[in-house]
Amino acid sequence: AQSVSQHNHHVILSEAASLELGCNYSYGGTVNLFWYVQYPGQHLQLLLKYFSGDPLVKGIKGFEAEFIKSKFSFNLRKPSVQWSDTAEYFCAVTTKAAGNKLTFGGGTRVLVKP
Amino acid sequence: GAVVSQHPSWVICKSGTSVKIECRSLDFQATTMFWYRQFPKQSLMLMATSNEGSKATYEQGVEKDKFLINHASLTLSTLTVTSAHPEDSSFYICSARDSLVTDNEQFFGPGTRLTVL
Chain F
1 AQSVSQHNHH VILSEAASLE LGCNYSYGGT VNLFWYVQYP GQHLQLLLKY
51 FSGDPLVKGI KGFEAEFIKS KFSFNLRKPS VQWSDTAEYF CAVTTKAAGN
101 KLTFGGGTRV LVKP
Chain H
1001 GAVVSQHPSW VICKSGTSVK IECRSLDFQA TTMFWYRQFP KQSLMLMATS
1051 NEGSKATYEQ GVEKDKFLIN HASLTLSTLT VTSAHPEDSS FYICSARDSL
1101 VTDNEQFFGP GTRLTVL
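Protein chains in written order, with my numbering: chain F, 1 to 114; chain H, 1001 to 1117.
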């Protein structure tokens, strides 16, 4: 069965710092990968997704993620965060074998200090 | 972009009563919708996959008689929590997949916070 792990549960950083959130999945076949963000009191929003092609994916709000198949990783990055990036970030995966159901990681709570 | 709504956004009920939550895709048709549960400070756990015109598929450990799902049209799925108890208090989130699009992106509703007294 597929699974997703996010290494950091909580991250605290200052504005303008760079952000990298780790995400690893366990599945040997073809995967679709997603990063979602949940701002305080709001619903899940898609930041970016990877289905195929260029492993470096650019999303909204200056976020990007790199799919490294050999490492089963899909880390999320932003070079310079803002206070408004304070949110919870979820990595997720779908596979055909699992009926294209989303499996979420545990989430990483990011706090950006002004 | 695709919009999914949920109603109500929050509900408080007495133990033993039933609560119905609606999930609607507003500008697209959704053959498949999903119901998730999110406990405080935790991730989303898939409860069931709702398929239009057929029975829902429940994840292991989810009681189908307690969480009744109906997907009667291409834009509406409902989740009924029957005989609710305090341990059912949670944040329930639905998502929908656009029937006309072949990728696997799901669009999420804003969630419904259920509190059972």
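Treat the hints with care, as some may be off.
[Said to hold, decoys possible] When the alpha-carbon atoms are kept at most 25 Å apart in a straight line, the in silico DMTMM-like pairs for lysine to aspartate or glutamate are as follows:
{"#": "1", "chain 1": "F", "residue 1": "69", "chain 2": "H", "residue 2": "1052"}
{"#": "2", "chain 1": "F", "residue 1": "58", "chain 2": "H", "residue 2": "1105"}
{"#": "3", "chain 1": "F", "residue 1": "96", "chain 2": "H", "residue 2": "1052"}
{"#": "4", "chain 1": "F", "residue 1": "101", "chain 2": "H", "residue 2": "1098"}
{"#": "5", "chain 1": "F", "residue 1": "78", "chain 2": "H", "residue 2": "1052"}
If you're looking for bench data, these hints aren't it; they were derived computationally from the structure.
Each hint, compared with the structure:
Taking the CA atoms of residue 69 (chain F) and residue 1052 (chain H), the gap is near 35 Å; set against the 25 Å cutoff, the hint is violated. At most 25 Å may separate the alpha-carbon atoms for a hinted pair to count; residue 58 (chain F) and residue 1105 (chain H) meet this at roughly 16 Å. For the given pair, residue 96 (chain F) sits about 20 Å from residue 1052 (chain H) by alpha-carbon distance, which is consistent with the 25 Å threshold. Note on residue 101 (chain F) and residue 1098 (chain H): the hinted pairing holds, with a Cα-Cα distance of about 14 Å set against a maximum of 25 Å.
Distance restraint check for residue 78 (chain F) and residue 1052 (chain H): the Cα-Cα separation of roughly 39 Å exceeds the 25 Å cut-off, and the hinted pair is therefore not satisfied.
Consistency note: the structure conflicts with the earlier hints numbered 1, 5.
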